Amino acid sequence: MSAPGFNSSLVETLSMLMVITSLGAVEMRRLRMSAIAYLLQALILVALLLSFAALNPALYWWAAVALLTKAILTPWFLFHYMGGRDAREEKPLIGFGPSVVVAAALMIGFYRLTHSQFGLLVPTTALAQQEVLRTNLAVASTVFALGLYCVLTRRDAVKTVIGLCLLENGVHLSLVSLAPELPETALFGVATEVVVTVYLLLYVINGLRQEFGTTDTFKLQELQW
Amino acid sequence: MVMLAYGAVSQEVLSLQAPSPGLLTVSSAWPAAAFLVPFVAGAVVLLAWRGPRWFWQATSVLASAFTFVAGAWLTAVTVGGAVVTGWGNELRVDTLSALLVVVIGGVGFLACLYSLRYLQRAELLARVGIEVVQRRLRVFYSLLLWFLATMVWGCVTNNIIMLWVAVEATTLASGLLVAFYWDRRALEAGYKYLMLLTIGITFALFGCVLLYAQAAATGELAGGQALHISDVRQVAHLFPAGTALLTVALLVVGFGTKAGIAPFHPWLPDAHAEAPTPISVLLSGVMIKMAVYALARTASIFFPSWPQLTVFAVALGSFTMVLGIVVALTQDDLKRLLAYSSVSQIGYVVVGVGLGTYLGCYGGLFHLVNHAVAKGLLFMCAGAVVYATGARRMSDLGGLASKMPVTGVCFVVGALTIAGLPPLSGFMSKLTIYLALAQAGLWWAAAIAVLASLLTLAVLVRAASVVFWGAPRAVAATVEVREVPLVMWGPMVILAGVSLLLGLYPQVVFPLVDGAARVLALIGR
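Going line by line, the protein sequences match chains A and B.
Taking this note's numbering, the leading residue of the first sequence gets 1, the next gets one more, and so forth.
Taking this note's numbering, the leading residue of the second sequence gets 1001, the next gets one more, and so forth.
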C-alpha cells in the first residue's frame, strides 16, 4: 500500500483481533464478560475504520458513527440491561472446542474465497482489487458468520443479541470493501437501526425474563406450530 | 398535520419534465407528505402524554385517512401516465408504488377505525389488564402511525439503501405492537419477530449494497445515481452473471423473510396471531405485501437479462403456497389458521410476479390487492369473534351466525375471495395467474396452484362452518354474544364490498394494476 499514513501491519493486527474478540464474545460464559468482549471489538472496529481512512477519508465519518452506535450506545444498553446481575449464560448447544474449529475454518474459507472469487463478490473497481481490502472482506465475513453461529447455537436470549451485534459489525466492516463510497446518510440510517433493534430486543427480553423467569430460548414454547 | 397536508398541496411543483420519451415526470411534495404526515402525527401522539384518548385516536384516524388520500392522488396522477418524484429523484412514485401506497393507506385507515372499539373491550383485555392497556394506548397509536409511515416510505423511495432502511424500520415500528399484550405468548412472538426479521433482513442489506456497488462499478452512472433504483435497472445488463445471481439470492433471503416466503416464514404465524387484531390486519394485509414489493422492485431488475431466474421464483412461490395451506389444515386457533393461509397466499403473489411476464405480474399484483382486502377482512372477522366471545380456538366456538350475522357473511365473503371462487375478486386474480403459468408452459406450477386453491377452499369453508354454523360450544354457549359495534363491522362491510366489486367489475382496478404490471414486466426490457 502506497497511501501515506496507511499501516498495513496495523490493519492485519487489528483484523486478527476482530476475529479473536468475536470468538471471545461468543464463547465467554459470563454475560458481562461477553459484553466487554463485544465492546472491545467495537473499539477495534473503530480503529480499523480509522486505519482505512488513510485510503478513503470518508471513513473518518464512518468511524465516528461506529464509535457512537457500536462502542457507546449498544454496550450501554447491554450493561444497563444486566444491571447488577453477573449472570452466566444458559448452557450452549456447542462448546468452546468445536467453536474454535468453526472460527478457524470460517476464517480460512473466507480468506480463500475472497482471494480466488473476488470478482464474484464485488465489482472489479481499482480500490476493491487491493489486497488489504480483500483480506478485510474475509475478516468481515468471518465476524458476520460467527455472529450467525452465535445466534443459532446459543440458548440464552441475551447471547443471541450479542450474536446479532457481531453480525452487524461484520456488515459494517464489509462495507469498507464493498461500498466505500456509500453516502453518510445511508450509513447512518443502517447504523441507527441496529442500535434501535438492540434496544427493543433487550426491552422485550426483559419482559421475557419477568414472565418466564429465564432467558433460555429453549423454554419459549408457548407457540408451537 | 393539517398544515403539513396543506403545505404538501401548496408546494406542489407544476413543472413537467420529460427525462425519457413518453414518460412525464411530475415533481411534487405528495410522495413525501404521504409518509411524513403519519410520521409527524405519530410523534405528536407520543408527545401528548396528557392528551385525552380521543385526541390520540382522532389524530391516528385523520393521519391514516390522509395517507389514503395521498395514495389516491398519486394513483390518479400515475395512471394518467406520469411519474411523481420528490426531493430530487430520491422519492419516485410510478403506478407500482402508487398501487402499494393506496392499498396501505386504505387498509391502514380501516384498521385504525376498527381499533377504536377493539381496544376498549375490558373482558378482551383481561390477559393484560384494562388499566395497562389504557396507559399504553398512546404508544399503540403512535407506533401504528409510524408503522404506516415506514411502509409508505419504503414504497415511495427510489434509493436502494433507504428501501432497506424503510423495510427494517417497519419491523422496529411494529415489534412492540406484536408484543403489545406483554404476556408470555405475546413476548415470545415479539422476540421471534424482532430477532428473525432482523437477521433475515441483514442478508437483504448485502444484496442492496451489492446492487449499488455493481451499478457504480459499471461507470455508466454518475455519483449518487447508482443508488437510484430507476437508474440501476438501466445498467443491470452489464452486471457479471455470478454477481447478479448472488445478489438475487441475498435479496430473496432478506426480503423473502420479511414477506413470509417459505422456508423463511416461521415468525409469521406467531406474530400475526398474537398481535392485537388491528395490527394483525396490517401485518397480514399490507406489511408482507410491502416486502414483496421491495423484493420485486429490486430482483425484477435482473429479469430481462436472466430470465431463468423466473423458474426459481415460481418454484419458491409454489412451495410456499402448498406448505402454508397444508399447515393451516392442522390449526385450531382461528388467527393462526389465517396467518398460515397468508403464507400460502403470498406464494401466489410470488409466483405471479416472479414469472416476470406481463400476465404473471398482472395476476400477482391483482392478487396482492385482493389478498390485502380479503385477509384484512378475515382478520377483522376473527377479531370480531374474539371481541364478542373472548375465544380464538375453533373447538371452543360454534353457532355464531345467528348472533353475529354481519360478521358471518363478511367471513364467508373473505373466505371465498381467498379461495378464488367466482364472482369474487380472488377468482379473477387466481385465474390470471393460472393462465400466465399455462402461457409460460409451467403446467406443473399451474396444477399446484389449483390444488392449493382447493385446499384453501376446504380450510376456510370448514373454519366458517365450524365457527358460524357449527353446534354452539363451550365459550360461545356460556357468553352472551352480540354483533360487534358499527365502527368495527363498518370496515368489514367496506372490505367485503370491495371484494365483491373487484370480482364483478375487475376493470375498475385495471388501469392501476395494468400500469404496475408494465413497470415490472415491460419497462426494463
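To be clear, the hints were calculated from the coordinates, so they are not data collected in a lab.
Predicted model, so just to flag it, every value in this text is computed and none were measured.
From the three backbone atoms N, C-alpha and C, an ideal C-beta is built for every residue, glycine too.
Each hint should be verified, as a subset may be incorrect.
Stretches of chain B that chain A covers, calculated by requiring three or more beta carbons in the stretch to come under 8 Å of a beta carbon on chain A [unchecked claim]: (1) 1026–1035; (2) 1151–1162; (3) 1166–1176; (4) 1183–1191.
(request) Give me the numbers of the hints this structure contradicts, sorted from smallest to largest. (result) 1
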